[in-house]
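Peer 1: Residue numbers (our numbering), protein chains in the order written: chain X, 1 to 330; chain L, 1 to 506.
Keep in mind the hints are simulated off the structure, nothing from the lab.
Don't take each hint at face value.
[What the hints assert, rightly or not] Here are the computed lysine-lysine pairs in the DSS-like style, where the Cα-Cα straight-line distance is at most 30 Å:
1) K145(L) <-> K78(L)
2) K168(L) <-> K34(L)
3) K117(L) <-> K238(X)
4) K145(L) <-> K77(L)
5) K373(L) <-> K409(L)
6) K238(X) <-> K373(L)
7) K409(L) <-> K14(X)
8) K287(L) <-> K168(L)
9) K372(L) <-> K490(L)
Given the structure is predicted, the values throughout are model-derived calculations rather than measurements.
Each chain is listed here by its residues.
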Amino acid sequence: MTALWDTSGSAVIKALSAERRAAGSVSSGLALTLVAVVDEKLVAEAEQAATAAAAQHPCRLLIVVRRRPDAPEPRLDAEVSVGGRLGPGEAIVMRMYGRLSLHAESVVLPLLAPDAPVVTWWFGEPPHLIAHDPLGVIADRRITDTAASTDPLAALRMRADDYAPGDTDLAWTRTTLWRSLCASAFDSLIGDVRSVTVTGEASNPSRTLLAGWLGRRLDLSVGVEDSAGPGVTGVTMKVGDDTVTISRTDGSTAILSRTGQPDRNLPLPRRELGDLLAEELRRLDADEVYAESLETFSGLTDLSARPNRRLHVWQDPMEASDPDPALTTS
Amino acid sequence: MSNPLRDPRDRRLPKVPGPCALVVFGVTGDLARKKLIPAVYDLANRGLLPPGFVLLGFARRDWGDGDFEQIAKEAAKKGARTGWREEVWQRIAEATKFLPGSFDDDDAFDQLAAMLKDLDASHGTGGNAAFYLSIPPNAFPTVLKQMERTGMADNVQTNSWRRVVVEKPFGHDLASAIELNGLVDDVFTADDVFRIDHYLGKETVQNLLALRFANELFEPIWNSHHIDSVQITMAEDVGIGTRAGFYEGTGAARDVLQNHLLQLLALTAMDEPVQFDAAALRAEKIKVLDAVRLPKDLASYAVRGQYDQGWLAGERVNGYQAEENVAAGSTTETFAAVRLDVDTRRWAGVPFYLRTGKRLPRRVTEIGIVFKKAPHLPFSKSDTEELGANQLVVRVQPDEGVTLRFGSKVPGTTMEVRDVAMDFLYGEAFTENSPEAYERLLLDVLLGDAALFPRNEEVEASWRIIDPIEELWASGGEPELYRAGEWGPKGADEMLARDGRTWRRP
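Just chain L, with the same shape it has in the complex:
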């Protein structure tokens, strides 16, 4: 029977998840402290957590419930987006548990399984649980096997729902991704696996779908008749910091291109989903990813770079090879730019240029749609010399919003047309602080709404695109050096110049 107090017309009532426990593995890690715990607090503060909610930490520390609560409180206070209210935390604190144990400790997992049962009686969680695996990929198999052994991942056996949240990287190539997916999907049912790509939780990414499919203005020209090319950029100004251990074996293509950029490409290029739900969205994204084709001359259209020493934002920074724990002569790329084509009628002949890099001048993520020039200009050539191509830019971060560039007459007696920009700042028209990506995604996990999570098919399709590039790079050569603080290596500019185009400066 459906709940008589819920009415689709009653849009003031927030969607609040049913009772459940959130079990965080690796709760002492950076991600848990900086993102996850603050997100839990923010959700509670916005009244979006159910009465029967329990936060359960699992890690190899000799802590009691109280120690963990103290540390979680500090983390929440430091990272919370919404204002601090002691009574809100008090209520989370009452439902905070900690279980010490290592991942190969059978005893600890037996305890966990029993605890999840007890929590129903003591806190009314209904036995439901979401497991958040904030742990290194090599620990996955151990933890998953433990869950399988204790039966705590089984919806039927536990007579409740059990979900798992996995962070990237989802494997390091197609073979390992298939293996990992097989492992996770074996233990949990495929519908209960949530792969977090926090970019998809950003408001602008969802706004891209609203922009495209809620308006009459854009979709009719969203094709190769009117679009010249698409540029998707994710730039970071930071270096690799202390993550050398992870980054050395990964590189920019696996770290960013494979997931974030290909997801953005899929959302930009996909056809209209039949409806706005997980299955329909996934079907359209998969179609795009399957239609992605690598250029024949891959060597000239897949550029990699590595940052050298330089000056960035007024400070002198080290080159990649001088970073802590990076092997001398390392060929790991910190910059990657590729050209991809989408082989569909809609996108025939429209190149998608994707680039990402570290130690670029500023932190920015954007999707730039570059339109063709007008087929005929009734003005003299000198009048329109400064007129570029029309552009629609979706800024994902920072300053989420949309910019439209078009030609406009310069005031005066001569007919002179020049580019101007019309800017829409998301934060200006709507709420000042839209929810953090993790807040939104965590809520979706507890609600069981998978629309914003990539499924295993998507992950595998993405690796199919990236693998040949990685193979090519592994076969020889080394990344081109670029000075920290510039927009990537010369090769990236030459790649576009070959096609008669230039990169947008974000």
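For reference, chain X alone in the conformation it holds in the complex:
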């Protein structure tokens, strides 16, 4: 590991190639670069999740911490490691101070793995407009987490307004196991769909997306009911003469009950952050099914027809009345 204080982007590049030579992995099969935009308070948690995801998808991991954009002097601190505490791949943690934090791409661009896809992940309050953050503009795929917002449903609405193909949200990733169970249950259901209800915490964006998906696929309006959680707690589907209920109140095991059949227990854990991130890295193309769920929730249409590249929109958080949270971390 090499730690560099008050350094420059070129020094970071040199340190990376020195570390790579020392580790003997000069020709490694890098499949992508993961850029994590993280608040200082969450660095440890983000590192842990990114390391777990990188174990499944070896990648170059660039963690960017924007610090005190009001600091008088720009400054860059970096920690470079290959095959060290941040997993088997190459990892660089960068702390950017002052005005440099608004030009993070100047350090990040030369560090991207050549011609490999770039995934940017905002850990914490998602950006209002992804175009405000140059690190989102350069990415092929952009991962937000509306559940981390102080107002998740407003954040989800913002994601729909701001959507471009290649965007995805961890609240959507959290629905995968639920969706898989619903689809499996549907394999053996025959008849017209009479009604579908999703139960969960009122402010849970996964509940909203799950209901949006079911509504879109089954072409009906899905009822939502509030519960104490955690997260999504149940789905009830009435099809033909059958009623299927999947309910999970303890956050780990679901009970599947169906008319005329004994109840069955199924593992349905709330997954770890690293696991969710790994699922996101598995596919790097636009997720049209997510876009459709956003459409159902927001009433917007043709989200998938939008251009998949954004143009950078300059915002100076020091002067903006409503500064974008992506640019104003600690």
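Take the given structure of chain X and dock chain L to it, following the hints.
Peer 2: Coordinates of chain L only, in the frame set by chain X:
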């Protein structure tokens, strides 16, 4: 009506099989404990088993459901690839059944047939069942007849799907293979028979198809214009251990060459399938196997060997004849190397060298494509003295991946060209732990996807290739001895030397 919640664009949703029971015959055996039960756990842990799944063990033990569950749990804990989660096992445990009985026990099979019906009501299996025959080949006829008698193999009669999984060996020569296939296909429909060749479940083997058919780079030179020869090696460092009873009558050619190596040859040599499904893949593989020709001078191009005592990995090991239960003077081969030709326009004049053996220096399976030398070199002869032929090596195990060898200039003022290797490690670019072969194959059986399973025609075509070799060896002579820990007998090296080639050291 198709399921409205399934959408081909929605690739996050895994393909989960429909409700079913997995019935394992010979569940107390090694394979079931080391591979099968851990694979069931791993599938459950990855959320790939349907809600209505039941694991049913059948064996001649005086066990109850609970005893079996305990033993299965230990096996799963020991062999699982993914992390241990008690709640996952809890759910398998709830759906674990055991039925004691011997294979000639009519009563036990009547019970089994009734049980499969009851499981639909109690566990919602929909009556579907896959039978995994983890039993010695000589028990096959008895078990199959029992299934026929009780009608439990019949899709129509049971109003559900019933599949059978068979492990190798698929017979010991063409005649016995045809007989066995006839028996299995009689009881089950041909589409419902899954013959497991676990090599075909390995990621790299499937990656070979991706490498060849998803890229522009390789397929145009994948023919006799550019390829000099192909070497397929499967080496094991272990001896026969306690398997003498099985191995004495089998030998390396029947054990490995007939199935694994010929399947690898077929995948390497076949033309592009019309689409990536079982029928299209099979059609292309069959074409290759049918076009395989044995050399006229078979005696010099089919080399067999037997390991003698020696040193391997720093330990002294016994010769084959000194292994437990091996008859003195045994002529069973533990090493086999053959040259095969594929009589098609694409492969005319390109020899395929296949070799397999036990007690070789290390465990490795690979496909080596050796290219021709460049037709003209604008460098002086001394400059390129160390330049070999270009090679593309597909490593099947261990360290799954691809290596490309090509010439490169040695730094310095002189123009000197030497071989270098460019390495792609599958595990480095993608997930650290790709699924175990059995996990993948078991899932395919439950899904009914037969793309990775050889069909009876392929098995029979393979025996047609192996039979003349076995006949030749049976007619006299004995295998050449090689020291344990070296790359096979001298005869194998001489065989390639005769063609002006050498074996790659894997």
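Peer 1: Going back to the hint list, which numbers does this structure go against?
Peer 2: Of the numbered hints, 1, 4 and 6 do not hold.
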